[in-house]
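Here the sequence shown stands for residues 2 to 278, numbered as in my numbering.
Worth flagging that the hints you see were computed from the coordinates, not collected in a lab.
Simulated pairs of lysine-lysine, BS3-like, Cα-Cα distance not exceeding 27 Å:
| hint | residue 1 | residue 2 |
| --- | --- | --- |
| 1 | LYS142 | LYS202 |
| 2 | LYS101 | LYS91 |
| 3 | LYS68 | LYS202 |
| 4 | LYS208 | LYS142 |
Predicted model only: the values in this text are computed from it and were never measured.
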Amino acid sequence: MSVRLNETTTIVDRVVNFFVEHEDLRTKQWFLSNAPGPLFMILGAYLYFCLYAGPRYMRDRKPFELKNTLLVYNAVQVLLSWVLFYEGYKGGWGGHYNFKCQPVTYESDPISMRMARAVWLYYIAKITELLDTVFFVLRKKQRQISFLHLYHHTLMPVCAFIGVKYFAGGHGTLLGFINSFIHIIMYAYYLLSAMGPKVQKYLWWKKYITILQIVQFLIIFVHTLQIQFQPNCNFPKSIAALLTFNAGLFTYMFSAFYVANYKKEAAAQAKLAAKKE
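Please model the entire structure based on the sequences and the hints provided.
Take a look at the structure:
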């Protein structure tokens, strides 16, 4: 029994030491970046509110309109996404980075620090995006709070925290770079939608945002998978494998969402049109 306990303790110590030894000292003291505890508390409160407290509070109440709040929120998200895309371009993907293999540089030169700050800001952006779900609850839009929505909004801040804490730069940042570009379009759509029915009737292109998201994850899947076939690439292959798995899972989930929501809707409309004829 004591031998097994010692072996378990040794394994735990190795895991702990690995994470301590590999943390990025440049970002260690940045806001919400030193330890995962505060983030997990935020995510715990988020899930509790969205799954239990919020729906219970709203049960016998009329939905909040939140028009002005949504206009401001979505405008801020468009601006934030644009800043992240620009910083990702200037900090690496605009010419400094290699698309085939880009190791993490833990240097403090201006370019490396620019990307590190962009990774941290992306992490903060993922936390602010939890408000997407909060607003759904307050507006009694429970049907939009799917498993995919909750999984995506819960997992992304965790992935972003790992990026800030250990890999604030390098190959994995392409996800945030592309994702920020798509979020410019997505939150612009939400901004226009929040302006009311007069504008909403022109927003026929929502499904193409989902297509862009699927393409995004396919690109990341290929981009991270190639690392496994490059023995001389110094980007951690275990992290690349996790990114590949995550991208593959999101590709499947978003594709299933697209088929369930848009393909069936198109089929129903075609059937209705046939009846009218």
